[in-house]
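The primary structure of each chain is shown beneath.
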Amino acid sequence: MSTLAGLTAPGTRGRGARRRQWWRYAAVAPAALITLAIVFAPLLAPYPPNAQDLASMSQPPSLTDGHLFGTDLFGRDVFSRVLHGGRPPLLIGVLAVAAAVAVGVAFGVLAGFRGGRLDSVLARVADIQLSVPGIVIALFVLAMLGGGFVNVILVIALESWPLHFRVTRALAQGLRNRAFVEAARVFGLPTRTIITRHLVPALLPVIAVTATANFVTAVLMEASLSFLGLGIQPPTADWGLMVSLGRTQIASAWWVSVFSGLALAALLFSAQLLGDALAKRFSLEGADT
Amino acid sequence: MTRVPKAVRWSDTVRVPLSGRFLLRRLLQGLLAVWMAVTGAFVFLNATGSPERLVAPPDASQEEIDRIAAAYGFDQPLPRQYVDFFVKTFTGSFPDSVNYHVPAIDVVLDAVPATALLGSVAFVAGNLLGLLIGYVSATSRWWPLRSLPLGLSRIGHSLPAFYLALLLVILFSVHLRVLPSAGYGTVENLILPATVLTIGVLPGAARLYRAQVLETAGEDHVITAVAKGVSRNRVLLRHVGLNALGPALSLMGIQLGGLIAGAVTIEVIFRWPGVGSMLIDAVNDRDYSVALTGVLLVAVAYILATLVTDILAALVDPLASRRA
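Those protein sequence lines, which keep their order, are chains H and P.
Per our numbering, the very first residue in the first sequence carries number 9; after that it's consecutive.
Per our numbering, the very first residue in the second sequence carries number 3; after that it's consecutive.
By construction, these hints were calculated from the structure, which means they are not laboratory data.
Just so you know, even glycine gets a beta-carbon here, dropped at the ideal spot from N, CA and C.
Keep in mind that the hints are not guaranteed to be accurate.
Among the chain P residues that face chain H by a calculated CB cut under 10 angstroms, a handful are [to be verified]:
id	residue
1	M38
2	I282
3	V300
Chain P regions said to be covered by chain H (calculated; three or more residues, Cβ under 8 angstroms) [said to hold, decoys possible]:
id	segment
4	169-180
5	265-278
Isolated chain H (complex conformation) (with noise of 0.2 angstroms):
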């Protein structure tokens, strides 16, 4: 019990034993349903994304006439491009987070395990690097090589390193003197045997986690980049980017820019709810970075 009535310290508030109860799965719905309809969009949407009709052009949404969520300025169908303006931000979002994964996840347990000037050296870039916000490098960056897919990718990656590698580091750091690497060091196994054998997967659960949230902040600025035109360039279909195209006729067109918007918002909202029930699962609650 605590002191102060009502009050309780997050993780405390357990009913005995921890079940496995169907709905702690549930988190991964909307994220999975989210990520099926943009991988299909080419089977699900009734329209091509780029196909222009002249001859309807601005329709409102409408249940009956084929466009439900109306059509653009160009008179291609809205909700196809909706369909399809995902899959820029899905796809630098994942690939994105795999490469600062793959590179703070090595460069953390490198620096963890070894220690040394090695260990201080990366601490310190990585510290410096925190200390510049994303964004600037990511102008500075781009308006020297131009927008794009890879060179977006590149900045994101190159943002979100420290995050992993600061985590790893912490983690690997904790383990090196556990009993379990301690026995397999007597064992004899090689270094490299002992970090991709009994380190990494022990990291695996935090890293699930990191990868998470990130995917989260990268997916949220690819569509901030490509909304102020550095990122995904015409006429692709993308979130960020259509709800820029849509923003010069708001009065007379909402929806345009309504709905992909909402559908970014929706991935993100479904990912930040997979990020807790994951956190909650092997529960990190609180060590939020």
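We have chain H; now place chain P onto it with these hints.
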């Protein structure tokens, strides 16, 4: 050999919970970060091969490229350029803006007041509301107060700033016609962008403060206070609430810098003539002298902001300086 009596140091007599070592280390870290940021920009400019081509318009002739190279000093040997780059960064003497034909630093500095106004309003409002929501959601005994404000702020947080801005414009400017959709100069113009930015600041402060209040409530000194018979509200406000402020203060430093950068999309939407709009305009017009000056200025401002708040946080919460 006679022993010289130990001099009385000011730190022995004055009780300031700041160690000189902490200050010095933190200062050096800040300087190192500034050096790395400027060096990073320099390396990046040169790593692409010919920086004059990056800076020149895409259809520039060879003479024009040579002229730009001379104006920027790209025709000098690299070590010389490196030193010059630092001098130019700190004296603000990059070449004149291509569009406005005034020094780039003037273009950048002209944009600072608008961002400072928007940022400070959102910073104060967001943190006050955030602390309030965090405190209430940790201590209220009525469940709707415990969960609803925090839940709402999270939903607000998962909406991208530019989308939230758009929704507010549709509601308040297009339908209700009570607030202007864009512009600068009047209080009405400030309301919508400041609201969007406030909602971006608020959830972080609320969540962190809530967690810290809950953690502090479990500490021994709180049990002592309760056992002493101090009233619940007094324990919560003075013994828990005040002691839980440290981490929230450190977060404010990060936010302060984030406001400069986080306002980019908001400034563009509301045509707010701040640093964010200025950067985007410079990038779109290929006005690289202004873009470079702006990016370096933001980086230096961000590093200084975190430095100052880290020192403030160490004053308020001396343990933080040992954690750092």
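Worksheet item: Checking against the hints above, which ones are violated?
Response: Per hint list: zero violations.
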